[in-house]
Structures are given as C-alpha cells and as structure tokens.
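S.K.: Each chain, written out:
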Amino acid sequence: MAKLGFLCDRSGDDAGPAAKRTAPDASRPPLAGRRVLRSRLWLLLPIGIVYGALAVVPLVLIVRFSLVGGLTQYREVLSSPLLAHIVENTVVISITTTVIAVLLGYLLAAALWRSGPRMRVLLLILVLLPFWTGVLVKNFAWAALLQDNGAINELLRIIGPSHEALPLLHNRLAVIIGMVHYVLPYAVFPIYTVMLSIDDRLERAAKSLGASAFSVAWLVIMPLTLPGVYAAGLLVFIISTGFFITPVILGGPSDMMVANLVDFYAHQLVDFNRAAALAVLIVMVISVLVFAYQRTPKEGQYGAV
Amino acid sequence: MENNNGLASRLASERINRRDFIRRSAAATLAVSALPALTTRRAFAAAKEVNFATYGGMINENTRKVFAEPFEKETGIKVNLGVNSSLALAKLQVASGGSAQWDIVNLTGAEYEVAVKENLLAPYDYKIVDPTHIAPEYRKPYGVKYSLFLFVMAWDRRKIPDDKAPRSWAEFWDTKRYPGKRSIYANVSDGDVLEIALLADGVPVDKLYPLDVERALKSLDRLGKRNIIWHTTNQEPIQQLISGEVALATAFNGRIVVADRGGAQIGYTPDYAGVSGNYLTVVRTSEHKHEAFEFLNYVLTNTKADVEYIKLTNYAMPNTQCLQYLPKSLVDTLPTSPTLKDKVFLKNDAWWAANLEKTTVRFKEWQMTP
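Protein chains in written order, with numbering that gives the first Met the number 0: chain A, 0 to 304; chain B, 0 to 369.
Since the hints were derived computationally from the structure, they do not count as laboratory data. Heads up, the beta-carbon is just placed ideally off N, CA and C, and yes, glycines get one too. Don't take each hint at face value.
To be verified - Stretch by stretch, here's where chain B covers chain A in the computed footprint (C-beta under 8 Å, at least three residues): (1) 78-87; (2) 144-150; (3) 248-254; (4) 259-270.
Excised from the complex, chain A in its bound form (with noise of 0.2 Å):
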C-alpha cells in the first residue's frame, strides 16, 4: 500500500517538470505536449508490471488462499487461544519501541540540525551506518553483547559482586532494545527535515521578544516539530508491527508478534489457509495505519495545513 502510494506520488512528480521542459518549444502545440507525457508515463509500465507481479499477484493468491471453505480461515484464526496474547504483545511491544524511538529519535534530530557541518556529517554517519547494516547481523551482535556470558554480563562481573547472570537475552527487554536499534533511523529523519523547514527567523523574533531559551524551544518550536514527530511516531509504529526475525532471536516464546503467528500457522500447523487468513488481517489493519500517515503533513512550518 505505502509503495504504491509511493509509486503515485513519484508519478506526479515526475509529470511535473516533464511538462515543463517540452513547454519552450513554442513550435509545438499544446496537445503535443500533453501525448509527450502520456508517453513518458509509458515508463512506468515495467515497475508497474513489476510491482503487479512480486505484490498484488502474491496479495490475490493470498486472499484466494484465506476464502477456502468461505470465513471459517477467519473465524477460526479470531477465535484462537493464541490471538488475544499475540495482539496483545505486538501493540506492546510496538507502542513502547515506538515511544522509545520517537524520544531518541528527536534528540537525535536536534542535535543534527543544531550541530556544525563537521559534526553533522559524523552523526549522519552514526545513524545511517546501522541504517544499511542487515537486520540479522544487528540482532545476532545484541545476542553475543546480551547473553548470560554476554560482554555485558562479563563486564558486571568484572566490576560488581554480583555473580549471577542479569537475564538480558530471550525476554521483552532484549526485543525492545533490537527494534529499536532497527526503527530509529524511521524516527530521526521525518523529525529532522522538519526542523530543516523551520525558519531560523522565527527563534529571534521570540528572542528579541524575550521569551526565554526555554520558552523558544517549549512554544515556538517543538509544536513546529510536531508533524515530524506524528509522522515519525506513525511510521516507526507501523514498520514494529511487521518485526519477525527480532524476536526470534532476541526474545522468548512470550514475545511472539502477529508475524511469528503467521510463521506458526504456516510452518508448524502447516496450515496456509489460516496462515493467509490471518495475514490478511494483518494487511486491513494496517492499511489504515498506512492510510493515516500518508495524510500526515509531512512539512511543519509550511507544510502543516
């Protein structure tokens, strides 16, 4: 939904100054210009075809699959044991990564934005170094530094008395600190182009006006940044439903997310149909997720309508 959201949008974009180059051709009449960008539109057909073939092709079989003896998948996966537990988990669990990474997040994007170009560059280089590094790789190191003869656990036994391991991998602390890890570069960005947006001006005009530094960041720019930090808190919301890999590793049984019920159907009761039915599920509710943050104003000063 988002992609092709994405897709929309870019096509827009792209219509834009494409109409505008052919305009000094004066020669040209206007219906020219106009089949020049129906043509170029032409160019979207392989990612259209693409994106047809590896997502809504997949989504139709998928919700083939789920409508096998009619809604009994749908019944059956709404009145199962497992269920309560798992949504219960995942809003959780998202919820708090989300709070967790929005805080970071702000912080994160303050500093970027009040910070000189040299240090700008070194902590673009802090956020966007795990931003490309893969999931696996950022989960299995939180493993070895987490573990009961983890570097952490050896370094409190090193400096404390205490010799009994600190439980830090397996459980709901361990799944938290991962998607964290993972969602934080989604909470800084929104946030910082939205302070980038925000005119300078504007702090010494309430300055000059005497409001206190306090005052300046309280009333006049944290509810410019507010945008960014809804569409942040949206975004990194929505990606922390759809964790999969970060609690089988890191977390315990307890911890199982919507995704991992997916799996379970899937793989242990070898069940596709409940599997599809429930994945189904999934995508309605968060599509309205997803619908919601495309209507976020995604600009604070200008942007916010």
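With chain A fixed as given, assemble chain B onto it according to the hints.
M.R.: Same frame as chain A, but now just chain B:
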C-alpha cells in the same frame, strides 16, 4: 525467455526507435517475471538434476560427501541439496501448482503420516529402489525411514565432568544440582520435549503414550520457564554448549558426535533418549521422479556408502547389510542397539499424527503465558 533473447539480438543487430524500445522492454519485463516458472520446468529437466531438501549442517555435508558426489560421478545426475525440510515445504511444492521445486524431501515420522493423508507424496517405486536389504519395518508405501537418531541430554564437559553428569531426565530437571539454564528444542513433534518432561515427572519409558500433555506442562513449570532457553534449529544447542551459553541441552546424538570429532567437549548419554527417524519421500508433483528414486536407491542400498554414513553420523540406516561391517563399539551407540532396548522410547508417530495440531497449539499457548 525467447522474448528476452529476441529483444537482445534485435538491439544488437538493428537500430530501433524509442517507442519500439519501450514497447519491447515491457514485453521483456513480462517475460522476465515469468522466468522462474520456465526455469524450474524446462532447464532442470534438461540438465538431469534432482533436488533434495534436508536439514542442513552436518547432515548436508555428509550427504553430499557420502551419497551425492559418488552418485553424480556414477550416473551424471546432479544432486542439489537444500536445507530446512519440513511438511510445510512438501505442502508448498504441491499447493503452489506446477511442478515441484524440491523432488525429495525429508519428513519426520508424524509429518510423513500427515503428508500421506493429504496426498502430497508419490508412491515409492520399488522397481527402482531395491527393497531386498531394506528392513521391512522401515519400508512404507510412500517413504522409507532412513536414519534413526536419538534425542538425548547433553552437557558441556568443561563445566560438568562426565561422572557428575545427569543420568536421567529427573536429574536434568534438578536446578539445585545444576543451576543455570537448559537449552531445550521447542518443536514438540520433531523433538521430544513433552516426553522428557513426563519422564522427569516419573512416568516409565513404556507408559508414555498416550501423552498426558497437561502433566508434561506441569513438569516443565516445575523446571521453570526462566531456566529454559528454547532452541528452534538443531545446530543451536551445539553452538550454545560450545560458546558456554548453557551447560545443559537437549540435542540429536549425531550432531554431538560430529561436534566432538571437531574438538568440542560435549558429553551425552543414550539412556532415556527418544528414538525417531526421518523419512525419505518424493513429492507427488516432482518432474524428476525417476532420477529421485535412482538417487534414493543409492542412498538406501549402497552398503559401502551406508556404512560410511553410519560411521560419520552415528545414525542407523535401514540397510541390513551394514551391521556386519561395523565395530561393536559403534553398534552399541546406535539407536537400534539391543543394549539400549529398555532404556529408550520410540517416538509414537501415529499418536503424534493424530494429535499434532491440538498438542502444538496447546504447547505454544503454555509457552506464551509468562
């Protein structure tokens, strides 16, 4: 594919205008998106190949060395090995339509029963696979149980010397004697977690089935969820024992033997182990059934290869010719050894096939309550 080649050659040979190019690249894209279907159906058939999904790690290494490579040399049929075989994989071969990507799949006992019920498998071609020396109790209409192994308790010898190691599951459960976590296989039908929980609770080996699932879960509660690390793949406990993450674990004996040969310090006992076996099956929608059964004939009846496989893995093979070539010390550690007769239990595939879903869901539910 033809479309694609056509486009490439035209691009090379003649100038084409832009609109033409766009129209053709669209056609090429369509062709490319249909490619996977084409390659699985045509290219593989032409090249005389057989695709065998098994369990990864040392199983793949030894299967390649002992069976696949000599077979390739002898027949010219290429054997491709894959990992993570399961009932889900077998079902996917049939459910996805068209011909199967994997021709031979490994299934556990319970999975085999379900696969037969759901019509996923091809009947064994005993004209190609010579049944003469395959023990009859392993020969089934749709599969042959080809490797028998033990689900055992294992320990890190660096922390627990063999003479202080647990001798029963009740001792394995004893957190006072062995503090710290145990790594246990979370798959109830593949491994034997419920069976060992009942043994730890005092159920005799010959009275396990039908399983009292609730009693098993209570026994696991007694051990305590915080004392258990669940593993989901078979190489995990070996790595956890080697890295020192745990000192006690459940594992399959062959993995331990191979790890120890590589210098690991893992001890185990075959006492009170669960005996299970894997089936070699051919998927109903395979287009290489002939090649598949030829390879299976090699695996199941080539005595020299079978003896070597047993020596490497400590897994028993159904080929009755093998025993005479094996030293007694090895025979004694095989799941089929008479010395273990009353000390091990056989995984009851029929009970598991009948109760698979109910038990798996109930166990998951238990696992998820904190």
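S.K.: Could you work out which earlier hints the structure fails to respect and list their numbers in ascending sequence?
M.R.: none
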